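Kindly produce the complete structure, drawing on both the sequences and the hints.
Those protein sequences? They're chains A and B, same order as listed.
Whatever position you read off the first sequence (first residue = 1), add 18 for my numbering.
Whatever position you read off the second sequence (first residue = 1), add 18 for my numbering.
Worth double-checking, as some hints may not be accurate.
[Stated by the list, open to error] Estimated spans, in silico, between C-beta atoms of each pair:
id, chain 1, residue 1, chain 2, residue 2, range
1, A, A322, B, A270, 24 to 30 Å
2, A, R114, B, P159, 38 to 44 Å
3, A, P159, B, D92, 29 to 35 Å
4, B, D98, A, P382, 55 to 61 Å
5, A, E300, B, A236, 52 to 58 Å
6, A, V102, B, A236, 37 to 43 Å
7, B, R332, A, R332, 49 to 55 Å
8, A, M35, B, D92, 22 to 28 Å
9, A, S156, B, S237, 23 to 29 Å
[Claimed, not checked] To give a feel for the contact side, a few chain B residues facing chain A, derived at Cβ under 7 Å:
id, residue
10, A38
11, I40
12, D234
13, A236
14, L260
15, N281
It is worth saying that the hints were derived from the structure and are not from the lab.
Every value quoted in this text rests on a predicted model; they were computed, and no experiment measured them.
The beta-carbon is built from N, C-alpha and C at its ideal position, and this holds for glycine as well.
Listed here are the chains, written in short residue letters.
2 protein chains.
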Amino acid sequence: MRITAVHETTLPIASAMRNASIAFDAMTGSALAIETDMRLAGAPVVGYSFDSIGRYGKGGLLRERFLPRLLAADARELQDADGVLDPAAAVRICMRNEKAGGHGERPGAVALIEAALWDARAKALEQPLWRVLSGIASGQPAASASIATYASCGHFRPGESLDELQAEVTRALDAGYTLVKIKLGGDLNEDLRRVSAGLAVTGPLRLAGDVNGVLDGASGETWVREISAQPLAFIEEPASPLDYLALARFCATSKCAVGTGENLFSFDDVRNLLRHGGMHPERDLIQIDPLLSYGIEEFIRILALAGSMGWSPRQFFPHAGHLYAAHLVAGLGLGSAEAAPDASLPWGGYWDEVRVRDGHITLPDWPGVGFEGKRNLITPLQWWRT
Amino acid sequence: MRITAVHETTLPIASAMRNASIAFDAMTGSALAIETDMRLAGAPVVGYSFDSIGRYGKGGLLRERFLPRLLAADARELQDADGVLDPAAAVRICMRNEKAGGHGERPGAVALIEAALWDARAKALEQPLWRVLSGIASGQPAASASIATYASCGHFRPGESLDELQAEVTRALDAGYTLVKIKLGGDLNEDLRRVSAGLAVTGPLRLAGDVNGVLDGASGETWVREISAQPLAFIEEPASPLDYLALARFCATSKCAVGTGENLFSFDDVRNLLRHGGMHPERDLIQIDPLLSYGIEEFIRILALAGSMGWSPRQFFPHAGHLYAAHLVAGLGLGSAEAAPDASLPWGGYWDEVRVRDGHITLPDWPGVGFEGKRNLITPLQWWRT
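This is the structure:
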């Protein structure tokens with residue numbers, strides 16, 4: 019099984035929304051398609067990947083460093099003992115002559131390549147990706163096609179009222195979600211109003227609040243004390259992502275679970291989070307996004323490290339990641355998959371045939387990730403065919 | 019003073035050498051030239067910057083995100099109260115809608131823009147950059163055109179013997195350096211031989227050893243104990259750059275100074291190094307590279323933080339950085355500038371007219387960085403003129 023062509027493009031995914039730290043007016047994401055010489059049912063096997071949203075496309079790095087290394091590799095270097103494309107080998111090749119440290123854009127570029135190769139590999143094995151991942155690591159919980167999922171809503175849009183926030187949360191509940199996360203801005207009084215408005219719709223422990231790392235110092239501790247006294251499922255990213263000392267203070271203050279990690283992109287950084295961040299393995303949540311963090315092999319190393327420090331895979335709620343992350347949640351026995359509930363977006367919702375019921379979805383039987391089963395996502399991924 | 023054009027290119031800077039972690043066969047670096055509408059002596063003021071070596075060019079990120087934001091900014095947003103280009107304002111504009119965390123390639127791309135604007139600003143003020151930086155921060159040591167510098171040598175080249183290592187170190191001493199750093203590989207016995215060979219040429223405390231972050235665990239502690247018992251000026255990067263716990267163990271074990279930081283690219287990451295890395299402010303060395311770390315404004319924030327934790331600017335030995343870093347050492351009162359001693363390389367040595375004497379250089383009076391005073395560096399920086 020050999021790579022015959024790679025198609026890479028950057029898609030505009032602009033939106034008028036904001037979170038507490040950035041606007042999404044000029045946001046982009048990368049799409050990758052890796053063609054192979056293997057044929058199934060008369061067509062070549064193609065592996066796809068699509069970016070997580072929020073840190074821009076990785077096209078420059080893909081074209082400058084990682085795709086040239088991938089395409090220069092000997093075909094056998096990229097294969098396992100059975101001749102099937104081996105995503106882990108591709109990551110090792112992509113990372114040749116890369117210095118340690120500095121995990122910013124690079125982990126996202128490498129993860130996109132790994133993800134497309136996982137899609138191709140699972141298709142070659144004629145299995146859904148989650149089943150290929152089942153049992154891949156030691157001490158893994160049982161894999162299951164049924165997973166928990168939660169809805170991420172409540173971004174800031176110009177002129178939006180609390181009524182509109184409640185309407186958006188209601189739509190998520192109506193769509194079958196039982197846990198809804200809303201954005202908070204860091205102003206205590208305003209955020210208490212938003213939390214009250216959300217809880218009025220969801221009921222207790224079915225709402226979470228994401229403040230996108232903007233809290234600091236004594237006012238941050240006050241915010242955490244007051245907001246965490248509300249019946250929230252969790253508070254997300256109270257501290258700036260690399261300020262482990264501030265995070266440890268907020269974790270000690272919080273009366274509810276704390277989630278963080280979406281802006282850490284490597285084993286190295288998560289190790290520091292677990293060592294220095296003061297998080298509680300029996301309560302708190304790790305939200306590393308495998309699509310932005312070198313991919314599945316790195317994620318499995320992270321799970322093993324966390325396991326040795328008392329963390330269950332169930333405490334991992336990967337950030338974003340759409341269909342791809344859902345497979346990791348299913349295959350690796352993670353806690354819950356984050357969803358943008360608006361399925362009219364390429365990165366929103368799940369497969370066309372899948373419905374959320376009681377906060378869970380059942381992954382369909384498409385081989386690989388099954389991008390082919392979500393029409394508004396497979397279409398942009400196949401731009402190169404026309 | 020307005021930007022009229024930006025010229026950006028990626029230069030191949032391949033070399034057959036290795037350090038303990040990577041080969042440099044396919045290394046690249048970015049070169050940037052920012053033209054302005056200000057004229058001095060009949061010619062437009064142009065600000066230049068040139069990459070630090072080792073982490074590849076930043077062309078993709080510059081073209082995708084940072085240069086478009088810079089060029090879209092209102093001219094007045096980029097000026098100080100006197101109408102002169104303000105590098106700090108440019109960094110704020112470049113970083114709009116960038117999420118926190120993930121300091122990898124982005125800090126290098128932004129630093130290149132900031133550096134070219136500092137060159138343009140200092141030229142507009144008709145001063146060498148170091149003098150513009152003098153007194154820019156509170157509590158800064160006195161600036162001086164005379165600075166300490168040290169030579170970085172002893173990369174691994176295929177088939178090279180200890181005789182050749184000694185010859186290279188001797189050439190650096192003959193060129194006027196009094197402190198020479200050599201690469202070590204992490205194998206204790208081989209490294210003891212390299213250190214002995216180096217010390218036989220330099221004499222005690224005039225040799226340092228750089229192991230590029232490859233040590234780990236108990237064998238790493240043994241290495242540090244044995245190598246630091248030699249009369250070395252310092253040991254560089256014993257631990258993987260983000261493994262602060264391992265670094266703290268090595269710092270506790272070492273009998274000589276420990277330097278590290280060249281693979282941390284932000285205030286956020288250095289704060290963790292200072293909090294968790296177990297380094298000794300009165301002994302150890304911080305080697306953050308401003309050209310890879312968002313530039314001078316971020317570096318000044320780092321100096322202020324370090325100062326509050328007991329660190330003198332003299333303990334900062336910035337990684338690489340050629341002529342640009344020499345200005346920071348002079349203007350901000352840092353300890354020593356690292357030099358690749360081979361002045362035939364664009365990023366080696368200093369200005370054509372400058373000689374190293376007794377481990378020091380005196381910066382010349384060129385306005386800005388004075389790239390114009392190093393022929394083999396200004397030529398590639400002016401590729402767009404032809």
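Should the interface hint for B:A38 be scored as holding, given a Cβ-Cβ cut-off of 7 Å against chain A? violated (11 Å)
With respect to the beta-carbon atoms only, verify the hint that A:P159 and B:D92 lie 29 to 35 Å apart. For B:D92 against A:P159, whose Cβ atoms are near 54 Å apart, the range 29 to 35 Å is violated.
Quick one: are A:A322 and B:A270 within 24 to 30 Å, going by C-beta? About 27 Å separates the Cβ atoms of A:A322 and B:A270, which means 24 to 30 Å holds.
Satisfaction of the hinted span 49 to 55 Å by the C-beta atoms belonging to B:R332 and A:R332: Given range 49 to 55 Å: holds, Cβ gap about 50 Å.
Let me know if the C-beta of B:N281 comes in closer than 7 Å to any C-beta of chain A, holds or violated. Hint on B:N281: holds, closest Cβ of chain A at ~3 Å, below 7 Å.
Distance restraint evaluation - B:D98, A:P382, Cβ atoms, bounds 55 to 61 Å: Holds, since B:D98 and A:P382 (Cβ atoms, about 59 Å apart) stay within the stated range.
Please check whether A:V102 and B:A236 have a Cβ separation lying inside 37 to 43 Å. Holds, at about 38 Å.
Interface hint outcome for B:D234 [beta carbon to chain A under 7 Å]: violated (11 Å)
Return holds or violated for the Cβ distance of A:M35 and B:D92 against the range 22 to 28 Å. This hint holds: roughly 25 Å between Cβ atoms.
Satisfaction of the B:I40 interface hint, Cβ to chain A closer than 7 Å: holds (4 Å)
Range hint compliance [Cβ, A:E300 to B:A236, 52 to 58 Å]: violated (31 Å)
Has the hinted range 23 to 29 Å been met by the Cβ atoms of A:S156 and B:S237? Holds: the Cβ-Cβ distance is about 25 Å, inside 23 to 29 Å.
Figure legend: structure checked against the earlier numbered hints; hints not met, in rising order: 3, 5, 10, 12, 13.
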